[in-house]
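S.K.: Residue-level listing of the chains:
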Amino acid sequence: MKYGALQLLREALRGPAAWQPLWERRAPAAAYDVVVVGGGGHGLATAYYLARDFGVRRVAVLERTLVGYGNVGRNTTIVRSNYLLPENHYFYEDSLRRWRTLARELNYNIMYSPRGVLDLASSEEELLAYARRGNAMRLAGIDAELLDRAAVARFEPALDLDVPRQFAITGGLLQRRGGTVRHDAVAWGYARAAAQLGVHIIERCEVLGIARSGGRISGVETTQGFIGAERVALAVAGRSAELGRRLGIALPLETHLLQACVTEPVKPMLGTVLIYMFPGAGEVYVSQSDRGGLVFGGMLDGYPSMTQHGQVTRVRDVARALTALLPQVADLRLLRHWAGMNDMSMDGSPIIDRIEGELFLNGGWCYGGFKAIPASGHAYAELIARGRANDLIRAFRLGRFTSGHVLDEKGAGPFPARQ
Amino acid sequence: MLIACPFCGEREVAEFEFRLSIAPWGVDAAEQLYFRSAEPARSIEHWQHVRGCRMWLELHRDLRSGAILETRTDLSALPSESPR
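Going down the list, the sequences are from chains A and B.
Anchor point for the first sequence: position 377 equals 377 in our numbering, and the numbering is continuous, going up by one each time.
Anchor point for the second sequence: position 23 equals 23 in our numbering, and the numbering is continuous, going up by one each time.
Just so you know, the hints here were simulated from the structure itself, not pulled from any lab data.
Yeah, the Cβ is synthetic: ideal placement off N, Cα and C, and Gly gets one too.
Hints are not guaranteed to be accurate.
Computed beta-carbon distance windows for the label pairs [as the list claims (entries may be wrong)]:
(1) A:ARG386 - B:GLU31: 27 to 37 Å
(2) B:GLU31 - A:LEU208: 19 to 29 Å
(3) B:GLU31 - A:PRO114: 35 to 45 Å
(4) A:HIS309 - B:LEU69: 16 to 26 Å
Rough simulated footprint, nothing fancy, chain A against chain B, three-plus residues with beta-carbon under 8 Å [as the list claims (entries may be wrong)]:
(5) 7-17
(6) 67-75
Given the sequences, and given the hints that come with them, work out the whole structure.
M.R.: Written out as structure tokens, the structure reads:
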């Protein structure tokens, strides 16, 4: 079924019973060319591009719970390509370009909203650091604008630049094409489009182990039995370290928690995505959802955890930074807050690589995996189908940790809690 | 989470900073630096009571339940150079 205005009108008249499920619920087949482990954004996008661009016919996505229940549905929906290092420039820019046309390609409204991502500075030194990053971006052909105080005030009228008293806003770095994407729609849109190309999406199917025969991978053992596979591609977001341990693969990852919060809905008051470092309380990033809630988050909880419940002290810090920046929201009630498990890698950058034989890994996304989904899915599919990494993901290889070629955007060193 | 500082008693987690998980000895440099993800059932970690007595602690924690299993003062490995 192709979605469009006429079809929407027809279905509206016929009532909700006429709508079809987005993809078929099904039991696994005996064997596949590629089994993708993980039905989140990266796994579904990988399966879609394998089928669409690389001619792989028999593809299955195995999801432990339900499609969209993991980090693809637990993030703050921000997309951007405003990185400092060249390896990150070209990869994230590829992703941002794909976001722009993705709704049309998938025939599914992912609600890409290029409302701008504005990093705010509260000192001259911070503004200089943004100038450096902006210049690096412009040399790579990526849009970046350094805004002075007046320009910040014009661009986002919700801000009073002198409100954070000792830390008045001195300017900012704006990427206009950055913004937000409706996160659940990304999972649903990729799943539907992949299923239309013949991909099997199998939910409630947890991988328990890799099966080998004669030294080669022959498939996966799952809660729904053995499934044969020529190639196995992992894409399990914050559970890579855990799954790696189960499969006997040592990975340079720690599992950390990142929390996000949403307030009760209010009328439109914030037109862009703001990122602000409030000295003493830490970072906050905030946007307003189409429903009206302020969606915001900050830094990691700061120590390893696999519990999926965060510390309220972090919520307090992030709320303090938010209300220092936007005091007019201080009376809003917090509607929800939640924690997601993150693969924190030892250099803050992801890993997309062949692990051994026909076993592949896509993980280590730290807190930045959502924005990477289209580029990651496409490049990972190419790696799986052709057996070699393209230029966009060459720097993301696992071997960088033993060869010393780490990709450390922040320069924080091998301390995941500080990345 | 509350951490029982052997010097100060039970304090809120916000008073502490996690420093790192400890890998077993006898591994090479890359292993020591990068491939040191913790055993979830008993993650051995250095913390510092930065907003209290500033002493170093070794916590053994269960990452799945979040429970603190043991709090020690005799660090089983030297703290790495502080990242700050």
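S.K.: Honestly, do ARG386 (chain A) and GLU31 (chain B) meet the 27 to 37 Å range at C-beta?
M.R.: holds (31 Å)
S.K.: Examine the segment 67-75 of chain B: at least three residues should have C-beta closer than 8 Å to a C-beta of chain A.
M.R.: Since 0 is below three, the answer is violated.
S.K.: Indicate whether the distance between the beta carbons of GLU31 (chain B) and PRO114 (chain A) respects the range 35 to 45 Å.
M.R.: holds (44 Å)
S.K.: Holds or violated: 16 to 26 Å for the Cβ distance of HIS309 (chain A) and LEU69 (chain B)?
M.R.: holds (18 Å)
S.K.: Count the residues of the segment 7-17 of chain B with a beta-carbon closer than 8 Å to any beta-carbon of chain A: does the count reach three?
M.R.: It holds, with 4 qualifying residues against the three required.
S.K.: Is 19 to 29 Å respected by the C-beta to C-beta distance linking GLU31 (chain B) and LEU208 (chain A)?
M.R.: holds (27 Å)
The structure fails hint 6 only (numbered hints given earlier).
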